[in-house]
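> Sequence:
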Amino acid sequence: MQPSEITEILNRPLSRELLARDVARLAYVAKDGTPRAIPIAFVWNGSQIVMCTPPNAPKLTALRHNPAVALTIDTEVHPPRILLVRGRAELDVVEGIPDEYLQANSTYVMTPEQRAEWEAEVRSLYREMVRIVVTPTWAKLIDFETTLPSAVEELLRERESREPS
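Read in numbering that gives the first Met the number 0, the sequence shown has 112 at position 113, and its numbers run on one by one without any break.
Hints were generated in silico from the structure; no laboratory data involved.
For clarity, every value in this text was computed on a predicted model and none was experimentally measured.
For each residue, glycine too, the CB sits at the ideal point set by N, CA and C.
Mixed in with the good hints there might be a few duds.
Unchecked claim - Only pairs whose alpha carbons sit at most 25 Å apart, straight line, appear in this in silico DMTMM-like list of lysine to aspartate or glutamate: (1) K139 / E112; (2) K139 / D31; (3) K30 / D91; (4) K139 / E152.
Claimed, not checked - Label pairs and their computed distance ranges (CB to CB): (5) E120 / E153: 48 to 56 Å; (6) G45 / E162: 38 to 46 Å; (7) S160 / L90: 43 to 51 Å; (8) D73 / Y107: 17 to 25 Å; (9) S3 / A150: 41 to 49 Å.
Given the sequences, and given the hints that come with them, work out the whole structure.
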């Protein structure tokens, strides 16, 4: 997929809405070769998806071994709205708490006092974190109105080709 195609998809209004959500599902291959899909808070910085995790997280060993990842960001309504992204994870160890970690968790409803307490706890717990940075190399937006999953699109094309003109 060409970078201009990825940019066009990610700049669509619905993609922008999905990229403003708080949780994605990150898929990767574990060291034992089995697949993993985990929910994780993220931030879209305009060109990359950034997630943060403790330096001892098992996913980091897997990502160092095989950085290929896929992400799904979707809604809980019908019809679902789904943004699929693929890329390679780059790992960046950061001293202290990355701004993206605080930003990714900013949508959770807390009073100002709860937020201050949560942030103090986070700062006391983590001396360093790892930023997982994914630059999209492929993207697809599915809204079930103008775009469908590729298998459904293929079935519709096959049906249309069988129908008499």
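> Can the suggested window of 48 to 56 Å be confirmed for the beta-carbon pair E120 and E153?
50 Å, holds
> Quick check: does the Cβ-Cβ distance between S160 and L90 fall within 43 to 51 Å?
Since S160 and L90 have Cβ atoms about 46 Å apart, the given range 43 to 51 Å holds.
> Between S3 and A150, does the C-beta distance stay in 41 to 49 Å?
Given about 26 Å between the Cβ atoms, the range is violated.
> Given the hint that K139 pairs with E152, test it: the Cα-Cα distance must not exceed 25 Å.
The hint holds at about 13 Å.
> Within 17 to 25 Å: is that where the Cβ-Cβ distance between D73 and Y107 falls?
At 19 Å between Cβs, range holds.
> Verify the CB-CB distance for G45 and E162 against the hinted window 38 to 46 Å.
Holds, since G45 and E162 (Cβ atoms, about 44 Å apart) stay within the stated range.
> Please work out if K139 and E112 have their alpha carbons no farther apart than 25 Å.
40 Å, violated
> Within a Cα-Cα threshold of 25 Å, do K30 and D91 meet the stated pairing?
Measuring from Cα to Cα gives roughly 20 Å; hence the hint holds.
> Are K139 and D31 close enough, with their CA atoms no more than 25 Å apart?
29 Å, violated
Of the numbered hints stated above, those contradicted by the structure are hints 1, 2, 9, listed in ascending order.
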